[in-house]
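Novice: The lines below spell out each chain.
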Amino acid sequence: DTAVSQTPKYLVTQMGNDKSIKCEQNLGHDTMYWYKQDSKKFLKIMFSYNNKELIINETVPNRFSPKSPDKAHLNLHINSLELGDSAVYFCASSQKMTAEAEAFFGQGTRLTVV
Amino acid sequence: AQSVTQPDIHITVSEGASLELRCNYSYGATPYLFWYVQSPGQGLQLLLKYFSGDTLVQGIKGFEAEFKRSQSSFNLRKPSVHWSDAAEYFCAVGPFGNEKLTFGTGTRLTIIP
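So the sequences go chain by chain: A and B. Take the first sequence: its position 33, counted from the start at 1, is 37 in our numbering, and no numbers get skipped. Take the second sequence: its position 28, counted from the start at 1, is 33 in our numbering, and no numbers get skipped.
Just so you know, the hints here were simulated from the structure itself, not pulled from any lab data. Treat the hints with care, since some could be wrong.
Claimed, not checked - Distance condition first, Cα-Cα at most 25 Å in a straight line; then the derived BS3-like pairs of lysine-lysine: (1) A:LYS48 x A:LYS71; (2) A:LYS26 x A:LYS75; (3) A:LYS75 x A:LYS44; (4) A:LYS13 x A:LYS71; (5) B:LYS54 x B:LYS66; (6) B:LYS54 x A:LYS100; (7) B:LYS73 x A:LYS56; (8) A:LYS45 x B:LYS66; (9) B:LYS54 x A:LYS45; (10) A:LYS13 x A:LYS48.
Could you build all of it, start to finish, from the sequences and the hints given here?
Specialist: This is the structure:
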């Protein structure tokens with residue numbers, strides 16, 4: 005039973021399109037995250053979402069928007085996709101947004117913009 | 006500013022040999038330190054973490070890491086690697102401000118027979 009699941013696993017789309025990536029966690033965690041892993045494997049946090057409080061990394065373009073219909077889901081919407089958005093996107097969750105709370109990661113979504 | 010450095014981009018070791026992956030951090034106080042492993046096509050899995058106390062921490066899959074404050078290091082070790090250990094390994098520090106974790110750029114481990 006997957007703890008943090010993301011769909012789709014692969015996504016190929018054209019520039020200018022709008023797409024969404026879904027994330028669900030069945031761990032009962034309070035906090036969820038989106039990370040972007042670039043072609044050099046560098047992982048950078050994009051968003052943290054805790055009890056309806058959204059914390060945005062200031063470097064993330066406003067074309068990216070997280071949506072949380074409930075505590076178990078944090079979906080990532082991307083508008084007007086650009087070539088530079090190609091990356092692997094990881095969803096994660098933790099019980100709290102403290103260091104002691106282990107972060108559990110999904111398998112990632114490989115987004116390719118052509 | 007806080008940062009994490011993994012100096013080795015790629016390491017190749019023979020199966021059964023010992024392993025040490027390097028991690029250096031920059032942080033003004035005692036950091037929370039983590040090692041994660043990413044197998045091909047998979048998400049990240051926590052190997053071990055250090056918060057305080059004993060500076061030698063044990064993790065899953067036979068890994069251990071030692072926190073050395075004087076060297077600002079948190080190197081990962083394993084006495085004898087298995088072919089299944091081939092993966093990407095990430096050192097992470099956190100939390101800083103609103104960020105849960107700040108990751109290093111990773112070290113890719115290749116195991117040869």
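Novice: Run every hint past the structure and note whether it holds.
Specialist: Hints and how they fare:
1. Note on LYS48 (chain A) and LYS71 (chain A): the hinted pairing holds, with a Cα-Cα distance of about 19 Å set against a maximum of 25 Å.
2. Taking the CA atoms of LYS26 (chain A) and LYS75 (chain A), the gap is near 13 Å; set against the 25 Å cutoff, the hint holds.
3. Using a Cα cut-off of 25 Å, the hinted pair LYS75 (chain A) and LYS44 (chain A) is violated, with the two alpha carbons roughly 32 Å apart.
4. Pair hint LYS13 (chain A) plus LYS71 (chain A) holds up; C-alpha atoms about 19 Å apart against a cutoff of 25 Å.
5. Between LYS54 (chain B) and LYS66 (chain B), the direct Cα distance comes to roughly 14 Å. Compliance with the 25 Å bound is thereby established for this hinted pair.
6. About 16 Å separates the Cα atoms of LYS54 (chain B) and LYS100 (chain A), which keeps this hinted pair within 25 Å; it holds.
7. Of the pairs offered as hints, the one joining LYS73 (chain B) and LYS56 (chain A) is violated, with about 38 Å between alpha carbons and a cut-off of 25 Å exceeded.
8. Among the hinted pairs, LYS45 (chain A) with LYS66 (chain B) is consistent with the structure: their alpha-carbon atoms are about 23 Å apart, no more than 25 Å.
9. Taking the CA atoms of LYS54 (chain B) and LYS45 (chain A), the gap is about 21 Å. The hint holds against a cut of 25 Å.
10. For the given pair, LYS13 (chain A) sits about 19 Å from LYS48 (chain A) by alpha-carbon distance, which is consistent with the 25 Å threshold.
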